[in-house]
Amino acid sequence: MTDATPGEDTAAASQERLFAAERLVFFSDAVVAIAITLLALELPLPEGFTGTELLHSLGDHKSEYISFLISFAVIGGHWRAHHRLFEHVTTVNSGLIRLSFAWLLMQVIMPFATKVIGEDGAFEFRFVFYALVQVIAMTVFVLMVWQIQRHHLHRADTPPELFGRTYRGAGVMIAAFAVSIPVAFFTEWAYACWIVVPLVSGLLLRFRKA
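Counting along the sequence shown from 1, when you hit position 63 you're at 62 in numbering that gives the first Met the number 0, and nothing is skipped either side.
Everything labelled a hint here was simulated from the structure, so no lab data went into it.
A couple of the hints might just be wrong.
[Said to hold, decoys possible] Below 25 Å or equal to it, Euclidean Cα-Cα: the simulated SDA-like pairs (lysine to any residue) are: (1) Lys114 x Pro159; (2) Lys61 x Thr51; (3) Lys114 x Leu68; (4) Lys208 x Glu160; (5) Lys61 x Phe122.
Sequences and hints are given; from them, build the entire structure.
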């Protein structure tokens, strides 16, 4: 039996690190898929023996259905950003793994937070809990990006603008959810912050580039 050459050892180690990164991505995708499935399982079934009764029942549960659609879009946004980032990741370290599990914890909590915000009463506190989950999830994601960039866990051909664009996008959404928290104590229109802040940020960015 011949000993492996240094080149072969390096190639094997590189392949092992790539496999570890792929396993983390597959695991993350599975957890996000489960979180979205749990969202649907929490949806209340409409009741009634006539079309009118069914429509009335749907109206009674409209807050739960709206909360489901919001959370579906939010989780989808989290996953999309994660996918765009990790398609450039070639290796992982202990710091990135810990941050990934913290990010996944927030995704798993999302169905519970959705159920909380969909209930009646104490709107501001229910809203704040949901918004805080988003702020924490996106802050952890920013730390993941920083970990990948700092320790060069990405491919050599990764576009230079990827990290700046990701920081900027996540930062805008953190600001949107953070701003909505104090607004929720004055009006239930605090939801609008989640749309208005990114919209204004995008317009300002276009104005600066013009």
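Tested hints:
1. Straight-line distance between C-alpha atoms of Lys114 and Pro159 comes to about 40 Å, which puts the hinted pair past the 25 Å bound.
2. Proposed proximity of Lys61 and Thr51 is supported: the alpha carbons are some 15 Å apart, at most 25 Å.
3. The hinted pair formed by Lys114 and Leu68 meets the criterion: a straight-line CA distance of about 12 Å does not exceed 25 Å.
4. About 15 Å separates the Cα atoms of Lys208 and Glu160, which keeps this hinted pair within 25 Å; it holds.
5. Straight-line distance between C-alpha atoms of Lys61 and Phe122 comes to about 15 Å, which keeps the hinted pair within the 25 Å bound.
Hint check: a violation occurs at hint 1 only; the rest are consistent with the structure.
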